[in-house]
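*Asks:* With my numbering applied, the sequence shown closes on residue 255, and no number is skipped along the way.
Rather than coming from a laboratory, the hints here were simulated on the basis of the structure.
Taking lysine-lysine pairs in the DSS-like style, the calculated list, with each CA pair at most 27 Å apart, reads: (1) Lys186 - Lys202; (2) Lys242 - Lys118; (3) Lys118 - Lys239; (4) Lys202 - Lys191; (5) Lys227 - Lys118; (6) Lys242 - Lys108; (7) Lys78 - Lys108; (8) Lys227 - Lys209; (9) Lys77 - Lys108; (10) Lys202 - Lys227.
Since we're looking at a predicted model, the values are computed, not measured.
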Amino acid sequence: MSNENIECDYCPSCNKKSLRVTNIVISIPYFGEVIDFTILCNSCGYKRSDIMPIEIKEPTRYSFHIESACDISTRIIKSSTCTIRIPDLGITIEPGPLSEGYISNLEGLLQRISNVINMGMRMGKDEERKNGQELIDRITKLIEGQEKVCVIFEDPLGYSAIASDKAIIESLSEEEIKNLKFGESPFEIKRDNC
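All chains should be modelled from the sequences, with the hints used to inform the complete structure.
*Replies:* Here's what the structure looks like:
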């Protein structure tokens with residue numbers, strides 16, 4: 062694992078010259094080496110992170126069946142271009158301008174989803190709060206191994222993965238790639254300015 066810190070250009074949020082870029086190269090079983098980069102402003106706390114493989118990857122779909130509580134410890138690599146689907150729960154998460162990449166496990170992913178649902182429930186009406194709580198309850202049961210679902214990662218750049226020999230890996234067709242969102246970075250970093 063190698064690490065590089067660079068004091069860089071101006072922050073896109075507060076416009077102070079206090080942006081720090083950190084790059085870490087990590088080797089991940091079933092996937093290869095990736096660069097985990099984080100951009101953090103020391104003044105205002107602005108943060109952006111993503112994951113990119115060192116090798117060129119093909120557009121890919123990973124499917125993984127969570128069948129027990131042990132399965133939620135499976136490592137995941139989720140890039141900013143990844144669409145996540147959990148059809149059994151009616152969940153689809155598509156990349157957008159603020160989509161971030163991260164390395165975690167399936168439990169961490171499920172906790173993130175629960176947190177987003179919980180935030181949405183605060184602004185929802187009674188029926189929406191009821192539906193949100195039912196979904197959080199199902200996610201809790203899933204984490205405890207009381208429910209089974211299939212989790213699907215689709216990445217048009219192949220930058221995401223479910224790192225397990227139980228994962229089913231398929232290439233995406235041109236048509237499937239056209240139907241996926243790619244997300245986008247809200248800013249561009251130029252190393253020349255550092």
